[in-house]
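As they're listed, the protein sequences go chains A and B.
The numbering of the first sequence is this note's numbering, which starts it at 82 and goes up by one.
The numbering of the second sequence is this note's numbering, which starts it at -13 and goes up by one.
Any given hint could turn out to be false.
Stated by the list, open to error - Short derived list, chain B residues pointing at chain A, Cβ under 7 Å:
#1 ALA76
#2 ILE89
#3 GLY92
#4 VAL94
#5 SER157
#6 MET158
The set of hints was computed from the structure by calculation and includes no laboratory data.
Every residue, glycine too, gets a C-beta built ideally from N, C-alpha and C.
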Amino acid sequence: MPSSSFVFFTILGSGIATWLSRIMPFVILKKFKLSAGVIEFLSFVPIAIMSALWFENLFIQHLGHLPSLNVPNLIASLPTILSAIISKSLLVTVVVGVISLAFLRLVLGM
Amino acid sequence: MDNELTVSSAAKETLPTVFGYIGIGLAYGIVGKASGISPLMITLMSLITYGGASQFIIVSMLVSHSPMVSIILSAFLVNSRMILMSTTLAPYFQKESLLKNIILGGLVTDESFALGMNKLNYTNRRLNFAWFNTVNWFAYTAWALASLVGALLGNFISNPEKYGLDFALVSMFIGLLYLQLISDKSIKFKLQLLVVGFVLVATFVGIIFIPANLLTLVVTLLACAFGVVMKHAFF
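Here chain B stands alone, though its shape is the one from the complex (with noise of 0.2 Å):
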């Protein structure tokens, strides 16, 4: 990570997160492939629908004809915690117009998200249209691309588990946490350590009563109170 905000140093810096999205974008598609949707449905939802999990969920309940409603409930359910992340980036984009401000948020990610917040440690907390656009149009690209070659590969490979593909994402957010928790001074990294062993604490709790799509939203929502407790309280 550099201290430009740039077309370039954007296409440069989203590079490893093209690589996870190639990853989870192909295991996507097989696994739309073998439930029976066409390339075509299962590249109209990475472009449309867009968004990771959603989409696994969403094919999962196409296959148990659940009815319409119930599958958009859990899909917005799952992506809530887009609020929470747009919420945190948008007061860094206040000055750019309206119209520019629809075009990012439109297509935030958990990744662009947490590279734009890994970003601002290395730029005196500035962001601007020119990077993060870039960031999330790679990004988009990526996984529209990786969903229809998935799509295509499909009638040749039946089980994308086997070979680790499903553990990109995972993988993604190791890394991500890991950058954030080293480079961000904001937050006393004690304070952070504290606040991502609470989040493991509650998600062991949590999961064994909050449903899988509410999980990840009330977990957070927990932890960052947490935080601010504990940074009022001892810190």
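Isolated chain A (complex conformation) (with noise of 0.2 Å):
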């Protein structure tokens, strides 16, 4: 592990990166209007973004190849897809979520 100061200083430049990602658009769009074809284009956004985090945990990257499935991910899901449609509640889909790949990796060694 490298020195402490190089932990910070490597923790603060990320987090300079990371705030100035966040804040920008914030700052840039105080002053200027997005044109109605920009704001359709974000209306996808939320949808898009969700579902790219999720599909991108269901596959083993190996880049020049084809990915290998993520086999617990993928069946732990199917569980948390059902329990999201049947409750409608954020809560429980996360709790049911664990729980499965819990049972998974401790009950069935996967």
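Combine the two chains into a complex, taking the hints into account.
Written out as structure tokens, the structure is:
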């Protein structure tokens, strides 16, 4: 492990880069208005980003080759989706998801 | 979800995501400790860098003695999707002061963004500072505390994956996606499903040659463009 000052400045640098990504659009859009076309484009961001963050976890990357399936995550997704549909509650969905994967790992040894 | 934009409705609505933050925050703290990072630095990273996936990446790159510049660049790339989320959110806060915009923007996360987008469907497409700021601070506090507790627990638990904690984040994305699909009436349901289907295909194809830290951003941009084209062609 590198020295604590190295760790600290890495944290600080990453923090500033991330903070700028977060605030710059707010600062810039205080002055400018987005065109209708851009707003339409952005209206797809929520579903696109949420499904991308989910689907990425269903595959294991092998750069330059076809990905393999992340079988435990894929199987655990099924009860998680079902619980979302039945309960419409985020809390229930998260709890069912964690229990499903824990079950696969601890009981079935996947 | 209700139509009130108050501190108390925000507290109520953000509670389920807090559970997810605790799961992942604990896992991050435990992994960090197991990698030899001090509880102080683990907590500082949660407070300063504040970005779920990117923190795991920073830890693994610190362990492999990567140069500082490449760690920071990777963190920036993974978090660059924030630019897209902040751009989507900002127009709803244009009337608030610049300082309030910076305070709100500085703490946006995947989950507070998704909650905000969901909330719009119940409030005639309106958001305000009190509601969003509350959601952000709940998330920020839960994340930092869970990281610290995880780091302290790290001495006793070496393998957090065994307990399924890492799936808290994925299940949160599944839940948030589903809630968005059923409540967002501004885009036709069939079109939404089509975009989700596109994301699946694009992820599968993209993962072959796009580095992991850029994948989310590229796939999201492509899916938005696909959505716009489909909307004009068929809907």
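So, going through the hints one by one against the coordinates:
1. With its C-beta approaching chain A no nearer than about 4 Å, ALA76/B sits inside the 7 Å limit, and its interface hint holds.
2. A cut of 7 Å between beta carbons decides the hint on ILE89/B: the least distance to chain A is about 9 Å, and the hint is violated.
3. With 7 Å as the threshold, the beta carbon of GLY92/B comes within range of chain A, its nearest partner Cβ sitting at about 5 Å, so the hint holds.
4. Interface restraint check: VAL94/B against chain A, minimum CB-CB distance 5 Å, threshold 7 Å, status holds.
5. Of the supplied interface hints, the one on SER157/B holds, with its beta-carbon coming within about 2 Å of a beta-carbon of chain A, less than 7 Å.
6. With a cut of 7 Å, the hint placing MET158/B at the interface with chain A holds, because the nearest CB-to-CB distance is about 5 Å.
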